[in-house]
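Student: The lines below spell out each chain.
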Amino acid sequence: MAKLQADLEEFRGDTRAWLEANCPPEMRQPVQGEDDVFWGGRNAAFKNDAQQAWFEACRDRGYTVPAWPKEYGGAGLSPAEAKVLREEMAHISARPPLSSFGIWMLGPALLHFGTEGQKKHFLNQIARGEIRWCQGYSEPGSGSDLVSLQTFGDDKGDHWVVNGSKIWTSYADKADWIFCLVRTDKANKYQGITFMLYDMAAAGVSTKPILLISGNSPFCETFFDDVKVPKSYGEDIPAQVGEVNRGWDVAKYLLGHEREMISGADGGARTSAIGAAMKRAAGELDPMLRADLAMFDVDALAYAAMGEKFLDEVKVGKSHPAFSNMMKYAGTELNKRRHELFMAAGGSTALEWDSEETRGGARAREWLRTKANSIEGGTSEVMLGVVAKRILELPGA
Amino acid sequence: MALYHTDDQAMLADTAAQFMGEEGAITKQLRHWRDAKCKDGFGHDLWKQMAEMGFTGLLVPEADGGLGMGHVEAGIVLEEIGRNLTPSPFLTSSVMAASALAHASEDLKGRWLPGLIAGDSVFAVAVDEGAKHRPERIACRAEKSGNGFRLTGKKDFVVHGASADMIVVAARTAGSDDDEQGLTLFAVPRDAAGMGHNSVRLVDSSMASHMTFDGIELDGDAVIGEVDGGRDVLGRVLDAGRVGAAAEGVGVARGSLDRTVDYLKQRKQFGKLIGEFQALQHRAAHLYSEIEIARAVTIKAQQLLDGGSQQASLMASVAKAKVGKAAGLAVKEGVQMHGGIGMTDEYDIGLYMKRDRALAEFMGDVYYHADRVARLSGY
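Residue numbers (the numbering used here), protein chains in the order written: chain D, 1 to 397; chain G, 398 to 776.
Source of the hints: derived by calculation from the structure; they are not laboratory data. Computed from a predicted model, the values in this text were never measured in an experiment. Check before you lean on any hint, since a few could be wrong.
Stated by the list, open to error - In silico DMTMM-like links for lysine to aspartate or glutamate, alpha-carbon gap of 20 Å or less:
(1) D/Lys-318 x G/Asp-405
(2) D/Lys-315 x G/Asp-575
(3) G/Lys-665 x D/Glu-393
(4) D/Lys-318 x G/Asp-411
(5) D/Lys-189 x D/Glu-235
(6) G/Lys-669 x D/Glu-243
(7) D/Lys-389 x G/Glu-673
(8) D/Lys-389 x G/Asp-411
(9) G/Lys-662 x D/Glu-243
(10) D/Lys-389 x G/Glu-730
Given these sequences and hints, build the entire structure.
Tutor: Shown next as C-alpha cells:
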C-alpha cells in the first residue's frame, strides 16, 4: 500500500513536470468559444500553433485517451493514475487536447462490445483524432421513446440499404462517420435494432443544420436515402458493433457514457463554484443575488464531490447501473441554474447578442444552449422515472 | 484517495448498522426515554454498550486508550445513529469534546479520557450565545485571576449540558466580543461552583441547557490549548461537530427516505399503489438524488478533516449546508407523502422531522453555512 502510494506520488511528479514542459500557456486559459475546442477529423483545422502542439504532445503520449490500453492509442493508465492526471490537468486549468464523441461515447462501447479488429482499427483512429464521429439515435418520431425508432436497414446479403432519418445529430454536418441505430427486424422491437458504423461521405447521406434559440446550429437533421452500408470493413472489422439485432444493448451501454459526459461528473467548469468570480466581475453583488450564489456554490461543490465519488465507484464496479441517470439529472439541472445566475450577475451586458465585447453574445447563447442539457440524452423526467423504478424500485410500468 | 468506504470501513458500517438497528432502535431508545420524560434524554446503558463496542473512544488516539480512527469512521457511526434516531451523547462527547481534548495537556487527557472511553462520562460543548450559531462573536469572559481564571457569562443550546460531567467552554480572555483572537477553551467540571443550568426539552425530545457562569473559579490547568489562542482549536472542534452533524443528518435523511419509499409501495388509493403515480415517483427520485449528493460531500469533508487539508473547513460548511437542505427536504416530503398518518405520533416519520429540525440548527444552519461558504470563497 505504502509502495503503491509512493509510486503514485512519483507518477504525480512526473506528470506535473511533463505538463509543465508540454502544455502551452494558451492552453491553460478557459475555453472562450467554439474554435477553442479541437474536435479532430478529416477536415480538422487548428486555431493556432499552441492548440496543435498541445494536441500532438498528448496524442503521442496516449493522453487523448489516458485510460485506454496502449495498443488502442491510449496510455494504459490505471484508474488511480488517470485520476492523478485529471487532477494535475485541472490544477493548471489545462484544456482537453481533443474533444470527441468517439472518446466519450463510441470508444467505451467498442472497448466493451467490439471485436479485436474493430478495436485496433477504430479506437486508434479515435485516439489520434483522425475520424470525427456523430451519433445517430433520435428520430423525429422517437425522442424519449427511442426504441420505437424506424430508420430501416434492408439486408441485401453483403450489405444493408439504409433508409430513414435522424434528428438532433450533434455536428452531423462536420462528422466523418456515424454510429447509428438502425432497425433490421420490424417484428422485434428491442431485439430488432443493429448498431452500425458507416461513412457520412457515402452516397445518399445528407444533413441539414437546425437553427436553435441560441442562434447556433450544433444539431442536424440527417437523412439516409438508399445508403449502401457494407457489412464488413476488413478482416474481423464488421460494420456492426455487437451482434446484428442486438444493438439495443450497445445503445443502452453507450447512453450510460453519454449521461456521464453530460452530467459533468468528471469535474471541470460545470461543477466549480462561481460566486467569487461573479463578485470579481461585478464589483458589488446584490445581497439577494449573493445569497443565491452561495446556495448555488453549496450545491455545486457538493455535486463535485458526488462526481468524484461516482467515478471512483464506476472504476471498481461499485456503482448501480442506473446511477448515471441520477448524475445526468442532477448535473444538468445544476448547469442550467449556473447559467441563470451568470445571466443575472451579468445584467444588461449579458443580453448583448452580437457585440464584440461579449464575443458575439457568448453568455446569452450559452445560457440558451444549456436549456437542452436536461432534454438531450434523456430528459430529466425520463431520468427521474428510471431512478424511481430501477433504484427506488417503485411500482408501475 | 477514493471517495468510498474501504473494506474495513464497510465492515464497521455493517457492525454499526446492526448495533444501532437493534440496541438503538426507536422503540427501545427514543420513544422509551421520551415517554419516561428522562432528564438526560438518552440511556446510560446504551452509552456503556457503545463503549464496549469501542465507539466512545473511536477518535481518541490508541496511545490514549482509544481506537485512533478518524472522522470517516465517526461519520459511519453517526449515520446509523441518525437513521435510528438514537439519542446518545456520541456527537458532543466522542466527536467534539474528544477533538478539543486532543489539544489538551496530558493531565487533562488523563483526567477525562478514561471516563469517556469507558462510557462512564458524558461531555458537552458550550459555544452558542443566543438562539443562533454565531461563534464569530463570543462575549462569555474568563478574567485572569491569580494563577487561574474567573468565568462569567452565559451559553445557550448546550446539548446534554445538564448531563455532562465536563463541559468544554469557549470564553474570551482578551479583546472585545467580535475579535478573532483572544479566545480560550476551558474544561469545566460539572460541580464547579457558580454554574447554573436551565435544562430544557427540545422538539426532538433531546435535552439542552441554557447555562450561566457566575464567577466560576478555574485553575490554569483547566485550559485546553493556548491561552488567548483558542480560535484555531475551536475551529477544529466546530468543524468536527459540523461534519459529524452532517453525517447524522445523512442518516436521518436516509431513514426518512427508506420509510417513505416503503410506504409508497404499500399504500393503495384509487385502486393503485400510490408509488405508481409519477408525481410521487419524480419527487422521490429527486429526493434520492439530493441525499446521495449530500452523502458524497459529507464523506469528502470527513476525508479532508482526517487528512488535515486546508480545504476541510470550507467543505465542512458545504456538507453541513447541503445536508441541511437535503435532510430538510427528506423529512418534509416524508410527512407529506405519508398523508394523514404522517401527522400521527404513532408513525415514526414525524420523529424524523423533529430530529432533523434540531440537527439543522446544531452547529449552524443552512443559512449560516452558505454564508460561510461565500465568505471563505471571497465574496
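Student: Give me the numbers of the hints this structure contradicts, sorted from smallest to largest.
Tutor: 2, 5, 6, 8, 9
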